[in-house]
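**Student:** Listed here are the chains, written in short residue letters.
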Amino acid sequence: MTKSSEESPSRRTFMMVVIGLISAIVGVALAVPILGEVLSPLFKKRDIVWTELGKVSDLENIEPLVPKFVPVYFRVKEGWTVNTLPRQVIVVKDITGKLYFFSNQCTHLGCPLHWMPARQKFMCPCHGGMFNVLGKVVGGPPPRPLFVWVHKIENGTVLIQNKFLDNPKERGV
Amino acid sequence: MLKKIQNWFDERIELTELINEFNGERIPRRGGWAYTFGSLLAFLFTVQVTTGIFLLFYYVPYFPMARNATYYIKHHVLLGNILLGIHLWGAFTMIFFLLVHMARVYFSGAYKKPRELQWVAGMVLFSVVVVLGLTGYMLIGNENSWWTINVLTNVAAHTPVIGGFLRIIVRGGTQTSVITMQHIFAVHVWLLPIVVIMFIPIHLFLIRKTGHQGMALEYNKSKLSDDDINKWKHPDATIPFFPDQFYKDMIVALAVFVVIYLLAVVYGAEIGPMYRPLALNFAPEADWYFLANEELLKYFPGHGLIIFSTFLVPSIGFAILFALPFIDRGHDRSPFKRPAATVLGILFLLLLVYLTLIGGEPKAPATV
Ligand code: HEM
Ligand code: FES
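Read top to bottom, the protein sequences are chains A and B. For what it's worth, the numbering used here labels the leading residue of the first sequence as 70, then goes sequentially. For what it's worth, the numbering used here labels the leading residue of the second sequence as -14, then goes sequentially.
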């Protein structure tokens, strides 16, 4: 009969080494798929789609410097389904007639902005961020001007992408 | 440094002593490998819980989506196929080794006085783990899941008196719906795992309290008669649980784990098509460990007899197994000294294997 750990110290050491090795092997073999699964979203490409916002002719008729909130519904593949992402586009016409397509999310931490006609400002309800009608920060903690949706005009129709211009870290959206 | 940390804990809670007490359990010496199955089950359960928790990062228990979420885990999540595969093959392996462990305990008569409670706690674990397997099968949300839910809730409805209520409660309504799956989900991930987590320590505590009996060959040198209960508390030679028995436990755990891993990588988990209650030619199948039961269901036709296969035979068989230590009260432990029990055990296992083998064939073939 093989010696027990009590009869032979070297046998004891051997058993301890085997126990340690097996624990390590099983631990790593389980940790690898778990890490893969948990980190999986890091390797996924975001689904980016074009969606119609409206006719340029209609949007060009809005009053200058009065923001108009226009909802869009992006249909994107997410996991095992196609999801609808409802988002607000703030359309603003400046005095030269140029159109802007802002996101309504504050650039500080993403709260939804309110338009205050009396003060001619977008106010953030969360930490007091303020933007003027053309998206510049005029108060509070936001670090940068409002995000602008990626957009293009085709056959008189405005198309919007679920992506912001000039947004390398993909904040918001 | 380590010594210092150890001392810090020892001064306060005598940690070293506690660990030594835990690790020093005396295990009968000769049959070591036969005693590894219990620990193996504890190991497999841990693997199930670990993989299961991480499957929940993506799974949704909603009938119209569950199957696609599972499909997504398998095909679109990095290494998700392995995680899902381990969970599936781990479950199968666990049920298989439950039977092996029970057979080991049965043939060595280790359930007899004073160890009746170990057996009873073990039976609780057995029932719960089998139901964990069945509910897991239902959660995939494929065609088999849908029909399994229907068939098994209908089986439950044959329970006398309360059957009808039982079916409504389990289904969360009078028909199979998304609420049914939500119920099954809660049972599979919360209720039953918690029961197992409570009963494994109870099972182990009882074993330490009475001592580990092992097999009759541990007592060859004992001068006491077989009728003396004290004989079965003092094996000829013992080894400490740690590292001697634990070393064997680990080797067996690794061997089984490697097999599960290979099965997960090579075969993975089959997901099958989305549930289609309207399909005209679908023949539902049960998992392998349920085929014996499935076969039984084919032998009792007609209104008066169905209850034999859905309720009477399974529950009487189950009750006998549950109460085994109180039915078989003889003092002999060696399988050779209690031939009736041994032969019955072997016949039962053969019947189980036979029913399982033929259970896969539908009696009336589905239309093709
Ligand atoms: C999750 C399920 C289970 C776990 C984790 C488990 C764990 C263990 C462990 C670690 C041991 C001691 C070592 C050994 O003999 O294998 C043991 C012994 C025992 N088990 Fe289990 N067991 C489980 C299920 C069962 C079942 C289903 C039964 C019977 C119905 C059962 C009955 C017993 C008995 C009677 C002993 C004492 C054996 C002796 O003293 O020699 N166990 N179990
Ligand atoms: S989120 Fe708008 S100010 Fe903080």
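Rather than coming from a laboratory, the hints here were simulated on the basis of the structure. Among the hints, a few may not be true.
In the EDC-like style, the derived pairs of lysine to aspartate or glutamate whose C-alpha atoms are separated by at most 20 Å in a straight line are [claimed, not checked]:
#, chain 1, residue 1, chain 2, residue 2
1, A, 72, B, 280
2, B, 216, B, 313
3, B, 59, A, 147
4, A, 72, B, 10
5, A, 190, A, 163
6, B, 233, A, 147
**Student:** Does each hint hold? Answer for all of them.
**Tutor:** Taking the hints in turn, this is what the structure says about them:
1. A:72 to B:280: violated, 49 Å
2. B:216 to B:313: holds, 18 Å
3. B:59 to A:147: This hinted pair holds, its Cα atoms lying about 15 Å apart.
4. A:72 to B:10: holds, 18 Å
5. A:190 to A:163: Holds - the C-alpha atoms of residue 163 (chain A) and residue 190 (chain A) are around 14 Å apart, at most 20 Å.
6. B:233 to A:147: violated, 47 Å
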